[in-house]
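Enquirer: For reference, the chains in residue letters:
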Amino acid sequence: MLLIYCPYCEEERSELEFRQAGDAHIARPTNMTEMSDEDFEAFFFLRDNIKGLTFERWRHLNGCGRFFNAARDTVSDKFLTTYKAGLPRPDVSTLRPATEATVETYEATESNAK
Amino acid sequence: MADLGADATGIVPATRTLPLAGFHGGSAAAVLSAAVPATRLSLRAGPDAVQALSGALGLSLPVQPKTSAFADGRHALWLGPDEWLVIDENEADLMAAVSASGALHSATDISHRNTAILVKGRSAAAAINGGCPQDLSLTAFPVGACSRTVLAKAEIVLLRTAEDAFRVECWRSFAPYVSGLLTEAAEDAGN
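For the record, the sequence lines run as chains A and B.
Residue numbers for the first sequence follow our numbering, so the first one is 1 and each next one is one higher.
Residue numbers for the second sequence follow our numbering, so the first one is 1 and each next one is one higher.
Bear in mind the hints are in silico, worked out from the structure with no lab data behind them.
A few of these clues could be false.
[Claimed, not checked] Far from chain B by the CB rule (all over 12 Å, computed), these chain A residues: (1) R13; (2) Q20; (3) T54; (4) N62; (5) C64; (6) D91; (7) L95.
[As the list claims (entries may be wrong)] Derived DMTMM-like pairs (lysine to aspartate or glutamate); straight-line CA-CA distance at most 25 Å: (8) K153/B x D48/B; (9) K51/A x E34/A; (10) K153/B x D188/B; (11) K84/A x D188/B; (12) K84/A x E38/A; (13) K78/A x D37/A; (14) K120/B x D72/B; (15) K78/A x E11/A; (16) K153/B x D77/A; (17) K84/A x E15/A; (18) K84/A x D39/A; (19) K120/B x E91/B; (20) K153/B x D91/A; (21) K84/A x E91/B; (22) K84/A x E83/B; (23) K51/A x D73/A; (24) K78/A x E10/A; (25) K78/A x D135/B; (26) K84/A x D82/B; (27) K120/B x D188/B; (28) K84/A x E89/B; (29) K120/B x D135/B; (30) K51/A x D39/A; (31) K78/A x D39/A; (32) K84/A x E12/A; (33) K153/B x E11/A; (34) K153/B x D39/A; (35) K84/A x E11/A; (36) K51/A x E10/A; (37) K84/A x D48/A; (38) K153/B x D48/A; (39) K51/A x D23/A; (40) K120/B x E89/B.
These figures come from a predicted structure and were not determined experimentally.
Even for Gly, the Cβ is constructed at its ideal location relative to N, Cα and C.
Sequences are here, hints too, so could you generate the full structure?
Expert: Right, dumping it as C-alpha cells:
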C-alpha cells in the first residue's frame with residue numbers, strides 16, 4: 001500500500017484515502033469566450049500523459065478533503081513530493097536523488113520494446 | 001382514547017428511532033455499543049472566525065491536524081483546515097450556539113445523518129484496524145486524536161476518547177455495514 005504525504009494533515013496516510021484528480025498547474029484561460037475551438041480543446045481535453053515525472057492534483061477525499069499537488073513518477077509510482085494547492089511547481093532538480101536506483105520495469109528487463 | 005403522550009398543544013412528539021438501537025456486539029477485548037443520541041454540526045469557517053466560534057461553543061476549536069477539543073460533553077474535531085465536526089452528547093442546540101457567534105461561517109445540522117459506535121477494550125485499536133489503514137498506536141494516534149478516514153468501503157470519523165476506547169462516527173445508512181464489519185473485526189481481535 002502506498003503512503004501519501006498530505007500537506008494539510010502533515011502526515012503520511014494510506015492511498016485508500018486519496019483520489020487522483022487530473023493534471024496540476026493547468027491555467028484556466030481568461031479569454032474563454034474569444035478563443036478558438038482548437039485552443040479550447042487543447043486546454044480542456046488534451047493532456048500530455050507523460051511517462052516519468054508528472055505533476056498531478058490529488059485529493060485527500062476521505063481525510064481533510066483538500067486538493068493538493070503532487071510530483072509523481074508514473075513509471076515507479078513513487079511520489080517525489082507533495083505540496084499545497086496554489087504553490088508553484090517545485091524545482092525538479094531537487095526532487096530526484098542523484099543516485100536513485102533504476103526502477104525495474106517490464107520494458108527494461110523482459111521486453112525489447114522501445 | 002389512549003394517552004399517546006400529547007403535550008399541551010395536542011401534538012404527539014415523534015419517537016426517534018436510532019439506526020443502531022440496542023446494538024451490542026464484539027468480543028471481550030473489543031466491546032461494541034451504540035452511542036447515545038447526540039447533536040452534531042458540520043462547521044466550516046475561515047481562520048478569522050475561529051475565535052468567535054470557539055467562544056460561542058464554549059471550547060477552543062482545534063487548528064492543528066488530527067486534534068480535538070472536549071468540554072462539558074461537547075467535542076470539536078478537526079477534519080480539515082477549515083472544517084470541524086462538533087458533537088454534543090447532551091443534545092444541546094448547536095445551531096443556535098454558532099448562530100450567536102456573529103462570525104462568518106457555514107454550519108449544517110447533521111445530528112441525524114451520523115450515528116456512532118463506541119469501541120472499547122484492550123483490542124479496540126486492532127478491531128478498528130480490521131478495516132482502517134491508519135496507525136492507531138498511542139504515539140501516532142494519542143487520546144483526543146481524531147481523523148476522517150475509511151473503514152473498508154465506508155467513510156468514518158474516528159475519535160480516540162481513551163487509551164482503550166474509540167468513537168466511530170459513520171453515516172446512518174452505513175451503520176449496518178460498519179457495525180457488521182466491526183463485529184467481525186472485534187471477534188478476530190481476540191477475547
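Enquirer: So, for every hint listed, does it hold in this structure?
Expert: Going down the list of hints, with the structure as the test:
1. R13: Given that some Cβ of chain B is not farther than 12 Å from that of R13/A, nearest at about 7 Å, it is violated.
2. Q20: Check passes; 16 Å lies beyond 12 Å.
3. T54: 25 Å, holds
4. N62: 5 Å, violated
5. C64: Its Cβ does come within 12 Å of chain B, the nearest being 4 Å, so this is violated.
6. D91: Holds: least Cβ distance 25 Å, greater than 12 Å.
7. L95: 24 Å, holds
8. K153/B x D48/B: Between K153/B and D48/B the Cα gap is close to 36 Å, so the pair fails against 25 Å, i.e. violated.
9. K51/A x E34/A: Roughly 33 Å between the alpha carbons, so the hint for K51/A and E34/A is violated.
10. K153/B x D188/B: Between K153/B and D188/B the Cα gap is close to 19 Å, so the pair holds against 25 Å.
11. K84/A x D188/B: With Cα atoms ~39 Å apart, K84/A and D188/B exceed 25 Å; violated.
12. K84/A x E38/A: With a Cα-Cα distance of about 31 Å, the restraint between K84/A and E38/A is violated, given a limit of 25 Å.
13. K78/A x D37/A: 36 Å, violated
14. K120/B x D72/B: 21 Å, holds
15. K78/A x E11/A: 16 Å, holds
16. K153/B x D77/A: Holds: K153/B and D77/A sit about 23 Å apart, inside 25 Å.
17. K84/A x E15/A: 17 Å, holds
18. K84/A x D39/A: Since the Cα atoms of K84/A and D39/A sit roughly 28 Å apart, the hinted pair is violated (cutoff 25 Å).
19. K120/B x E91/B: 23 Å, holds
20. K153/B x D91/A: Measuring from Cα to Cα gives roughly 37 Å; hence the hint is violated.
21. K84/A x E91/B: Since the Cα atoms of K84/A and E91/B sit roughly 37 Å apart, the hinted pair is violated (cutoff 25 Å).
22. K84/A x E83/B: The hint holds at about 17 Å.
23. K51/A x D73/A: 8 Å, holds
24. K78/A x E10/A: Holds - the C-alpha atoms of E10/A and K78/A are around 18 Å apart, at most 25 Å.
25. K78/A x D135/B: Distance of about 21 Å is within 25 Å: holds.
26. K84/A x D82/B: With Cα atoms ~14 Å apart, K84/A and D82/B stay inside 25 Å; holds.
27. K120/B x D188/B: OK: K120/B and D188/B at ~15 Å, within 25 Å.
28. K84/A x E89/B: Not OK: K84/A and E89/B at ~35 Å, beyond 25 Å, violated.
29. K120/B x D135/B: Roughly 17 Å between the alpha carbons, so the hint for K120/B and D135/B holds.
30. K51/A x D39/A: Holds, because 24 Å separates the two Cα atoms, which is no more than 25 Å.
31. K78/A x D39/A: This hinted pair is violated, its Cα atoms lying about 32 Å apart.
32. K84/A x E12/A: 14 Å, holds
33. K153/B x E11/A: 22 Å, holds
34. K153/B x D39/A: Outside the cut-off at roughly 40 Å; violated.
35. K84/A x E11/A: At roughly 13 Å apart (the allowed maximum being 25 Å), E11/A and K84/A satisfy the hint.
36. K51/A x E10/A: 28 Å, violated
37. K84/A x D48/A: Holds: K84/A and D48/A sit about 22 Å apart, inside 25 Å.
38. K153/B x D48/A: Violated - the C-alpha atoms of D48/A and K153/B are around 32 Å apart, more than 25 Å.
39. K51/A x D23/A: 13 Å, holds
40. K120/B x E89/B: 18 Å, holds
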